[in-house]
Amino acid sequence: MEAIKIINISKKYQLKSENVIAVNGVSYSFLYGKLYAIMGHSGSGKSTLIHCLGLLDKVDSGKIYINDKDISDFSEKQKNIMRNEKIGFVFQNYYLNNNMRAFENVMLPMIINKKYQHIDIKTKAKKLLKEMGLEDRVNHYPKELSGGEQQRVAIARALANNPNIILADEPTGNLDIENEIYVLEKLRNLADTGKCVIIVSHNMLVKKYADIVINMKNGKFVVKNHEI
Amino acid sequence: MKFKYYIFLASKNLFHKKINILNILLLVIVITMLIIVSSFSKTLKNLINNQVNGNLKHKIILVNRLGSEDKLALNLENIEGISYIANYNTYSQYVSTNNGEILSLIGVPDDYLTILNGKNFDETDENKVLICPANFYLGDNPEEFNEEFLTKIHNGVNYLDKFFTITSNLYKEKYKVIGIYDENKYSYGEYNVCYTRQDNILEIYNSNRKYIEELCEDDTNCNIQEPLQMIVVVNNYDNISDIEKQIQNMGYQTTRISDVNTTGIDFIILILIVISVFILITTFIILLISNNKFIQYNKKNNLIYKQLGYDKNILIKINYLESIIITFVSFIISIIICLVLYITVSNNYGAQIKLQMPLCISYLAIIISFLLTLGISLLSWYLAIKNNNSIIGEFCDAEI
Ligand SMILES: Nc1ncnc2c1ncn2[C@@H]1O[C@H](COP(=O)(O)OP(=O)(O)OP(=O)(O)O)[C@@H](O)[C@H]1O
Ligand SMILES: [Mg+2]
Numbered sequence: 001m002e003a004i005k006i007i008n009i010s011k012k013y014q015l016k017s018e019n020v021i022a023v024n025g026v027s028y029s030f031l032y033g034k035l036y037a038i039m040g041h042s043g044s045g046k047s048t049l050i051h052c053l054g055l056l057d058k059v060d061s062g063k064i065y066i067n068d069k070d071i072s073d074f075s076e077k078q079k080n081i082m083r084n085e086k087i088g089f090v091f092q093n094y095y096l097n098n099n100m101r102a103f104e105n106v107m108l109p110m111i112i113n114k115k116y117q118h119i120d121i122k123t124k125a126k127k128l129l130k131e132m133g134l135e136d137r138v139n140h141y142p143k144e145l146s147g148g149e150q151q152r153v154a155i156a157r158a159l160a161n162n163p164n165i166i167l168a169d170e171p172t173g174n175l176d177i178e179n180e181i182y183v184l185e186k187l188r189n190l191a192d193t194g195k196c197v198i199i200v201s202h203n204m205l206v207k208k209y210a211d212i213v214i215n216m217k218n219g220k221f222v223v224k225n226h227e228i
Numbered sequence: 001m002k003f004k005y006y007i008f009l010a011s012k013n014l015f016h017k018k019i020n021i022l023n024i025l026l027l028v029i030v031i032t033m034l035i036i037v038s039s040f041s042k043t044l045k046n047l048i049n050n051q052v053n054g055n056l057k058h059k060i061i062l063v064n065r066l067g068s069e070d071k072l073a074l075n076l077e078n079i080e081g082i083s084y085i086a087n088y089n090t091y092s093q094y095v096s097t098n099n100g101e102i103l104s105l106i107g108v109p110d111d112y113l114t115i116l117n118g119k120n121f122d123e124t125d126e127n128k129v130l131i132c133p134a135n136f137y138l139g140d141n142p143e144e145f146n147e148e149f150l151t152k153i154h155n156g157v158n159y160l161d162k163f164f165t166i167t168s169n170l171y172k173e174k175y176k177v178i179g180i181y182d183e184n185k186y187s188y189g190e191y192n193v194c195y196t197r198q199d200n201i202l203e204i205y206n207s208n209r210k211y212i213e214e215l216c217e218d219d220t221n222c223n224i225q226e227p228l229q230m231i232v233v234v235n236n237y238d239n240i241s242d243i244e245k246q247i248q249n250m251g252y253q254t255t256r257i258s259d260v261n262t263t264g265i266d267f268i269i270l271i272l273i274v275i276s277v278f279i280l281i282t283t284f285i286i287l288l289i290s291n292n293k294f295i296q297y298n299k300k301n302n303l304i305y306k307q308l309g310y311d312k313n314i315l316i317k318i319n320y321l322e323s324i325i326i327t328f329v330s331f332i333i334s335i336i337i338c339l340v341l342y343i344t345v346s347n348n349y350g351a352q353i354k355l356q357m358p359l360c361i362s363y364l365a366i367i368i369s370f371l372l373t374l375g376i377s378l379l380s381w382y383l384a385i386k387n388n389n390s391i392i393g394e395f396c397d398a399e400i
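Heads up: the protein sequence lines correspond to chains A and B, in order. So the first sequence is numbered by this note's numbering: it starts at 1 and just counts up by one. So the second sequence is numbered by this note's numbering: it starts at 1 and just counts up by one.
For the record, the hints were derived by calculation from the structure and aren't laboratory data. Keep in mind that this is a model prediction, so the values were computed, not measured. You may find that some hints are simply not true.
Partial list, derived from the structure: chain B residues whose beta carbon lies under 10 Å from chain A [to be verified]: (1) 1; (2) 2; (3) 300; (4) 308; (5) 310; (6) 311.
C-beta: ideal position from N, C-alpha, C; glycine also.
The whole structure should be built from the sequences, with the hints applied where relevant.
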């Protein structure tokens, strides 16, 4: 089963004077157990693509299948459940709620997960943070954490509902080399446990961890090396 | 999603958002003003009630019978809103007591009064009994309510079950104080008014009449007539003009012993209502603008929730819950402020104010203020959310 299959998807932005075609007729199959690195120049459409894959944005044409289900038939509610349970996001700017402690941030996706109604999500959140090496940071607010620590909280949050698909947009963009390696190794481990991990990045270091490197140019895929 | 998590999410942002602090400040001012304004109008209304409706003098119509055979009392039976009818000579007499106070004795039917302490007329077989006011004043009627006046006020309860020797010219009888009434509810507009049975007043009247007749025996100018006047006491001041008209339509001549004009106070209350409405509308507009702005600046948080799979509905509910909590917090703060104000005022000026007007914080005013503020704060959120429908839960617009 493919994690995500896209067939001929396009996304354009309508500006006053011109149309920007951010993603231009891309087809591809992303598999479980693999780490994909999507590289490319600024403005090549990487973020737009990953937003479409993660159902944060709508495509103008083409089809997206997640776990073999055509998501164009999905209602907004079904998409929300899919995002909540099947997809974990990691962004360059972490996107933590600054008014919540680290463990409370990690609780957020679990609060609305129907399958987690009868488990102690507070304890689970703390456990997840411990796995990210943050056991003495659980009660800290994002402002009291370093960038690397914030990103690890964000990863713990992305993993809270144990999703099979991880989408990361420049996850190491704001990190120093030490944290960069920590995060990439973590993502690599996740792929090894059978998840589909897609990383968008400028960073050449990502290539070292990837099974498949995809170059994007003007909204199109240029697939370089298939399986190592 | 469990309710406790709605509370959790709503409370998390509560005091971190500057806008919420601003909203709380605004709401505290509004609720406090509303409570003060409405309590003040309640105070004024109570003032009218006590000064006008509680005052017997304002509820009396004097009616002249058409002749000694005229059955006025029977004729008035069909008119609604009349408390009781008394002959002029069974109505009232001034007497003095053994202590030297001047009492005004008023004769009432046995079931007319409700009392604060002691017994009512229909609870005793004794005849020479009095029901006296809760506040007794020793001395002449005061000209102003000053400190000296306050020291002369005595608690009427101290007179309960004690005896007064009532004298009027040759009349001298011992009366027992059996009950205490609230003079805010039944007053004659003067101090030391005690109520008694109508028979007793008639007795005093007859005794005085005999005394005058004896004085008049040799005087040809003396011309004593049976009084033809009757006293009609109405239930409620509001009905008095209506009832007076009905009596006049039956062909009787009527007079009033007092005439009050409450339009001044009505006007003040109207102004207070206008001020309250103005306060509410202004707050509503400020809230609407600030909530609108807030939603537009709050894209980042919405985006976090959206990527985690939160429904737009949940986000909207959290916003509503937040504004309910904010209103509630502001409400508690306002009540504390009002109570402190109330206690300060009544500690410093309590006695004077209490005698002139019943100062009050009205529960109804508090509840209405709360509901009104909650209403405008929810409505402002509703409109702000509706206005920015596309922004909430949208991901692509937000700068990433
Ligand atoms: N909301 C938007 N409205 C209009 N144009 C947009 C919008 N978002 C992206 N674009 C345009 O679409 C194109 C692709 O943008 P995208 O953000 O996907 O690039 P990217 O590859 O992620 O770049 P970077 O590496 O700088 O993040 C760009 O030309 C950009 O200007
Ligand atoms: Mg990008």
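Going through the hints against the structure:
{"no.": "1", "hint": "1", "verdict": "holds, 5 Å"}
{"no.": "2", "hint": "2", "verdict": "holds, 7 Å"}
{"no.": "3", "hint": "300", "verdict": "holds, 7 Å"}
{"no.": "4", "hint": "308", "verdict": "holds, 5 Å"}
{"no.": "5", "hint": "310", "verdict": "holds, 6 Å"}
{"no.": "6", "hint": "311", "verdict": "holds, 5 Å"}
In the structure shown, no violation is registered for any of the earlier numbered hints.
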